[in-house]
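S.K.: Model the full assembly from the supplied sequences, consistent with the hints where possible.
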Amino acid sequence: MSELANIQRWLTSIIIKPGKLGEKIRLADQFYQLNNEKVIRPSLRSSAGEKIGIYARGYVLRLMDCMTAEYPALHHLLGEELFGTFAKAYLVKKPAASPDLYDLGKNFPDFLKAAQPENREIHNTDPSMFDLPVELAKLERAISEVSRSKGLEGMEENKSIENQMLYLFGTVSFHASPCLQLLQLQFPLVDFVQAVQQGSEAQVPDEKESFIVVSRKNYIVHVHELEQWQWHFLTQFKATGNYLESAEFTAQQCDLEKSSLMADMMLWIPVAISIGYIYADSEI
Amino acid sequence: MTSDKTNRLGLSNLGLGVGLRTKHYAHLMKNEPVVDWFEIISENYMNNFGYARHVLEHIVSIRPVVMHGVSMSIGSTDPLNLEYLKQLKELADLVKPVWISDHLCWTGVAHLNTHDLLPLPLTLESLKHVTERVNRVQDILKRPLILENPSTYMEFQDSTLHEWEFLTELVNKTGCGLLLDVNNVFVSGFNHNFDPEHYIRNIPHKAVVQMHIAGPTDCDTYLLDTHDQPVPTQVWKLYRLAQQLTGGVSTLLEWDANIPEYEELVAEVNKAKQVLLGDFPDVPVYRSPLADGVSNPVDHQMQTVHE
Numbered sequence: 001m002s003e004l005a006n007i008q009r010w011l012t013s014i015i016i017k018p019g020k021l022g023e024k025i026r027l028a029d030q031f032y033q034l035n036n037e038k039v040i041r042p043s044l045r046s047s048a049g050e051k052i053g054i055y056a057r058g059y060v061l062r063l064m065d066c067m068t069a070e071y072p073a074l075h076h077l078l079g080e081e082l083f084g085t086f087a088k089a090y091l092v093k094k095p096a097a098s099p100d101l102y103d104l105g106k107n108f109p110d111f112l113k114a115a116q117p118e119n120r121e122i123h124n125t126d127p128s129m130f131d132l133p134v135e136l137a138k139l140e141r142a143i144s145e146v147s148r149s150k151g152l153e154g155m156e157e158n159k160s161i162e163n164q165m166l167y168l169f170g171t172v173s174f175h176a177s178p179c180l181q182l183l184q185l186q187f188p189l190v191d192f193v194q195a196v197q198q199g200s201e202a203q204v205p206d207e208k209e210s211f212i213v214v215s216r217k218n219y220i221v222h223v224h225e226l227e228q229w230q231w232h233f234l235t236q237f238k239a240t241g242n243y244l245e246s247a248e249f250t251a252q253q254c255d256l257e258k259s260s261l262m263a264d265m266m267l268w269i270p271v272a273i274s275i276g277y278i279y280a281d282s283e284i
Numbered sequence: 001m002t003s004d005k006t007n008r009l010g011l012s013n014l015g016l017g018v019g020l021r022t023k024h025y026a027h028l029m030k031n032e033p034v035v036d037w038f039e040i041i042s043e044n045y046m047n048n049f050g051y052a053r054h055v056l057e058h059i060v061s062i063r064p065v066v067m068h069g070v071s072m073s074i075g076s077t078d079p080l081n082l083e084y085l086k087q088l089k090e091l092a093d094l095v096k097p098v099w100i101s102d103h104l105c106w107t108g109v110a111h112l113n114t115h116d117l118l119p120l121p122l123t124l125e126s127l128k129h130v131t132e133r134v135n136r137v138q139d140i141l142k143r144p145l146i147l148e149n150p151s152t153y154m155e156f157q158d159s160t161l162h163e164w165e166f167l168t169e170l171v172n173k174t175g176c177g178l179l180l181d182v183n184n185v186f187v188s189g190f191n192h193n194f195d196p197e198h199y200i201r202n203i204p205h206k207a208v209v210q211m212h213i214a215g216p217t218d219c220d221t222y223l224l225d226t227h228d229q230p231v232p233t234q235v236w237k238l239y240r241l242a243q244q245l246t247g248g249v250s251t252l253l254e255w256d257a258n259i260p261e262y263e264e265l266v267a268e269v270n271k272a273k274q275v276l277l278g279d280f281p282d283v284p285v286y287r288s289p290l291a292d293g294v295s296n297p298v299d300h301q302m303q304t305v306h307e
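Protein chains in written order, with the numbering used here: chain A, 1 to 284; chain B, 1 to 307.
To be clear, the hints were calculated from the coordinates, so they are not data collected in a lab.
Take the hints with a grain of salt, since some may be wrong.
Said to hold, decoys possible - Incomplete in silico selection of chain B near chain A, CB under 7 angstroms:
hint : residue
1    : Y51
2    : Q157
3    : L161
4    : H162
Even glycine gets a Cβ: it sits at the ideal position worked out from N, Cα and C.
M.R.: Structure (structure tokens):
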């Protein structure tokens, strides 16, 4: 390994690893066979260790700011200290590897899930203590992904079908939006997330099954709660692209009469198109 | 003013510009941008197909745009990230930037990314390493790379070159251009006890394509490049000197935390006009007793636009 490569590995390990600065420097010196005082030039105002500390401290603060920016509602829910504890632990477990900052928080919901105690049932704990933060993180990550991924913008829109039922007769080809995300949560979190976004008072919701859709149209991200049948339909339709098969699946899942479901869908599909959950090709 | 002074690799003086930031998207979609040009953080748009890209397409249609990166990691001993360069080139195909810039730094090694602009030992080994990589990047991008001097908080005992010497050699060996951040010269000059004027007098002026100005924070024993304050008087003075020595190059105000409203941002960059006439704003360096400032803040890239 070249001298330059060795120095870069030495400094990266000090910056990224957790722990007290002095101890991190000592371990890195030992591992890379360097002496920090012989690598970094001290000045009258600062020692070599203090100079390294500026970078080590900046690393944590910079990435914590990014985590807070991606998960503002979770930050609001947990508060500065608890959010900071989890986010710092996450950055230790999954240090940034990608040049894309949006990859930084990608695995945070899974990390929070894995951080839950295994024997929580024994303690009869309130589900909001463990499940709520995980679900909130999932929703905020979905919002983040939908806001950046390829969507319907730029596609040629077939506006003629919005108020017609041509889909029932197979004369129009439908697809789920490429950026559509669907979440089944144990807490109704839409109002909470929106209240935090708007800076108004955010009430922590009680547990209640919630079917969420996150979509984007005309560059505006929409986060809505759906009826159970709407959620099942969109989930199946996104997976299969088959409208009638998805309706059949939904009727079974929700224990609904297919005719009744189709009647509801006739009213709802134009809404789903207008919000951008699904779109119609201009040609079949 | 001689033509030799204003070579700038044949790239034009775009005038006064600001960074395109999420906070100003709504304003810019409804109002004239007023400034001459914009700089974008390349990484913020490379995998972003949402509203940010829509705003970018609008801005590209009305003003010159320059792409400024923070993750090329030109000094890293990891292999060049070819996927990153491919995405950068794809974005350049869309934006058609007047130039593409990044920093003389490394951001991580062993496939880790600190998202910081880390300093290099300024040695002949580093010079050879960076020269090879700049040449490769220029071959891939098919254009000169413009490199910025970073703010630094440490120097290496083994360094045998001053930063201005390193940059001069790099320009000679690769034909790259320079983005002279006069605030970074000010910050590093304080932190490493060198004369920032001497630095500015000794870089290859005809290679300077662009300048950055910004406001740092005085943390008592060191200055931090926080991009969150008005430009202080000392930086304006260095800016005027650099503009005189280069014959006049594109100027960009960086403001990445505590970002003001657009009108205030424009008013700040417009101070450059008075500065060039010798009229300096009386602005002290912001002092903070807290050690919670962030150099090169990047979280401004993470804002989402909701319904």
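S.K.: State for each hint whether it applies.
M.R.: Checked hints:
| no. | hint | verdict |
| --- | --- | --- |
| 1 | Y51 | holds (4 angstroms) |
| 2 | Q157 | holds (5 angstroms) |
| 3 | L161 | violated (14 angstroms) |
| 4 | H162 | violated (13 angstroms) |
The structure shown violates the earlier hints numbered 3 and 4.
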